[in-house]
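> What follows is each chain in one-letter form.
There are 2 protein chains.
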Amino acid sequence: MPVSLAISLDDILDAARVIAPAAFCTPLIENDVLNARCGRRVLIKFEGAQRTGSFKFRGAYNRLARLDGAARVAGVVAWSSGNHAQGVAAAARLLGMPATIVMPADAPAIKLANTRALGAEILTYDRHSESREEIATALAQSRGATLVPSFDDPFIIAGQGTAGLEILEQAKAIGAEVGQVLVCCGGGGLTAGIATAIKGQSITTAIHTVEPAGFDDTARSLISGRREQVSPDARSICDALLAPSPGALTFPINQALVSGGLVVTDDQVRDAIRFAFTTLKLVVEPGGAVALAAMLPGLAPQGEGASVVVISGSNVDPDLYAAIIGGIG
Amino acid sequence: MPVSLAISLDDILDAARVIAPAAFCTPLIENDVLNARCGRRVLIKFEGAQRTGSFKFRGAYNRLARLDGAARVAGVVAWSSGNHAQGVAAAARLLGMPATIVMPADAPAIKLANTRALGAEILTYDRHSESREEIATALAQSRGATLVPSFDDPFIIAGQGTAGLEILEQAKAIGAEVGQVLVCCGGGGLTAGIATAIKGQSITTAIHTVEPAGFDDTARSLISGRREQVSPDARSICDALLAPSPGALTFPINQALVSGGLVVTDDQVRDAIRFAFTTLKLVVEPGGAVALAAMLPGLAPQGEGASVVVISGSNVDPDLYAAIIGGIG
Chain A
1 MPVSLAISLD
11 DILDAARVIA
21 PAAFCTPLIE
31 NDVLNARCGR
41 RVLIKFEGAQ
51 RTGSFKFRGA
61 YNRLARLDGA
71 ARVAGVVAWS
81 SGNHAQGVAA
91 AARLLGMPAT
101 IVMPADAPAI
111 KLANTRALGA
121 EILTYDRHSE
131 SREEIATALA
141 QSRGATLVPS
151 FDDPFIIAGQ
161 GTAGLEILEQ
171 AKAIGAEVGQ
181 VLVCCGGGGL
191 TAGIATAIKG
201 QSITTAIHTV
211 EPAGFDDTAR
221 SLISGRREQV
231 SPDARSICDA
241 LLAPSPGALT
251 FPINQALVSG
261 GLVVTDDQVR
271 DAIRFAFTTL
281 KLVVEPGGAV
291 ALAAMLPGLA
301 PQGEGASVVV
311 ISGSNVDPDL
321 YAAIIGGIG
Chain B
1 MPVSLAISLD
11 DILDAARVIA
21 PAAFCTPLIE
31 NDVLNARCGR
41 RVLIKFEGAQ
51 RTGSFKFRGA
61 YNRLARLDGA
71 ARVAGVVAWS
81 SGNHAQGVAA
91 AARLLGMPAT
101 IVMPADAPAI
111 KLANTRALGA
121 EILTYDRHSE
131 SREEIATALA
141 QSRGATLVPS
151 FDDPFIIAGQ
161 GTAGLEILEQ
171 AKAIGAEVGQ
181 VLVCCGGGGL
191 TAGIATAIKG
201 QSITTAIHTV
211 EPAGFDDTAR
221 SLISGRREQV
231 SPDARSICDA
241 LLAPSPGALT
251 FPINQALVSG
261 GLVVTDDQVR
271 DAIRFAFTTL
281 KLVVEPGGAV
291 ALAAMLPGLA
301 PQGEGASVVV
311 ISGSNVDPDL
321 YAAIIGGIG
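The listed protein sequences derive, respectively, from chains A and B.
Heads up, the final residue of the first sequence is numbered 329 in my numbering, and it's a clean run with no missing numbers.
Heads up, the final residue of the second sequence is numbered 329 in my numbering, and it's a clean run with no missing numbers.
Certain hints may be false.
Copies of one chain are not kept apart here, so a pair can be met inside one copy or by any two copies together.
Cross-link-like lysine to any residue pairs, in silico, SDA-like; alpha carbons within 20 Å at most [said to hold, decoys possible]:
#, residue 1, residue 2
1, K172, V263
2, K172, E228
3, K172, P21
4, K199, H128
5, K172, E130
6, K172, F24
7, K172, N35
8, K199, Q170
9, K199, A74
10, K172, C25
To be clear, the hints were calculated from the coordinates, so they are not data collected in a lab.
If we strip away everything but chain A, and leave its shape as in the complex, we get (with noise of 0.2 Å):
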């Protein structure tokens, strides 16, 4: 019996009109030293140009858009460790409604600096003792706010999405056949977004999910066929990507068009931050590495046509990249 998935290509299209004016097209970019590297043409496609520097500006944008009159006086709700909260505020400025987020207190303080500075009213938590979701439900409700997840949501995940028809777009232009996509992955709207979109017409393109050792949930999952979840003692230098299970919408979409789940170390991500800032020059934050450091030891299947990777946020704290850079991080 065929599954009921959350969106299909004509969700990710009509995504891709109404976010038009505001977000950017980011670019796909080739580089030799990559290519011989791997031994295969590599595209990277550099979210971190995004506006808000990750894709989940694409997803806000989307959501908040659709909110009619009396929910936009109402105002938004959101939860994040930094980029979803970067992308929700931004999304919240442009289209004059009020936001809060609800921020771990130990997020990077570039991502809390921007949401405030994106006009966002922050409440912090303890990431070990409170429940964010408890946090944000209770206060949506008692300002009759809309919840806007970070994941779960047809308009977000088809939001995200909109990266996946540019790359097919772009790719083309260069004369490139994608034979797969390698995607960071947390939630899973990204990859949900991107594996409708490229899918949907493209469907011998393989997609693969990229996730830290230690929060590969969705790599297991995959595998079990059920959603499998994060064990509370993991850690990751990868902020952005810790979130405790699959979602509800995303997995039955991931589990229909993913060929497979990779997983990669923290030594691995910090090599893959160091390539990009010494061969791409481009600056990438743990989270978005991880395609990367998937595609740099080899990770990923070999096949026919170009390997995407998506590089998908980019907002990194001085002090942190510095140490990697030099090798102490």
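Position chain B relative to chain A; hints supplied.
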């Protein structure tokens, strides 16, 4: 009496055909925070994404590709603080010819290492006591090799100009009219190429050079009408822009086509590098950051149309970069 200039738009169109199989089309990137800060639409032409991490590959490949069989066997000699070195080394390797590069002993380690990794032989010299021109010229003569100037050569200038063709095409694709272009300027080859490409198609677009304080020979020359010299006591962190005077071929072009010369301090360059890290998510070397360094504090004249800022290169040592983004460099 009209001056005869070293290259024309046709030479650049020809260069574009020659380098197309080897060079990348680098991205033109827009950022909302940059637009808001500058009070105008700004487009970043990111040459850090070019092969070897700077625009220099464009001219080097266009020059070396013109050599015939015997000249290819004898090989090429160049002098450079590092970006032209890498451009020549990469082009020579692709075209199957030996390359020897005369480089300052205190060139950035990343530039020395990358040039060596590209298969070139490196001779180092002391910047303050020895003449790189004399060393390289003697070497080329003794080997029958071709000397490849870093800017004062028609094929080099035409190759660099291909970046200007891309700027106009890419701006048009996003519906932007290019009102002005700010170009990082050392010997003036990139400026002369871009100015020829752009003025040949869009006569109302203003071209401005940007130089580091103390190395403002082009700005002064544009005023005095003759090729001014840099003081031997001048120092700057912009290692890529330390040419002692405008070129014999580049200066007449720039005199005819450039509206004026802007000058930035090393502190403004550091601010621009930090802004590119924090907001643009692009790695930029000091010499590659001068045009952005002029745009951020509003040194460029206001006018109609978008302002294009060329980031010319991104080869910076991790220690220096870490110090700058940490605010201690």
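> State for each hint whether it applies.
Hint check:
1. K172 / V263: neither (29 Å within a copy, 41 Å between copies)
2. K172 / E228: neither (37 Å within a copy, 48 Å between copies)
3. K172 / P21: between (23 Å within a copy, 17 Å between copies)
4. K199 / H128: neither (38 Å within a copy, 60 Å between copies)
5. K172 / E130: neither (47 Å within a copy, 51 Å between copies)
6. K172 / F24: both (19 Å within a copy, 15 Å between copies)
7. K172 / N35: within (18 Å within a copy, 30 Å between copies)
8. K199 / Q170: within (16 Å within a copy, 28 Å between copies)
9. K199 / A74: Classified as neither: same-chain Cα gap 37 Å, cross-chain 52 Å, threshold 20 Å.
10. K172 / C25: Cα proximity of K172 and C25: in one copy and across copies (15 Å, 14 Å).
Violated hints for the displayed structure, listed by number in ascending order: 1, 2, 4, 5 and 9.
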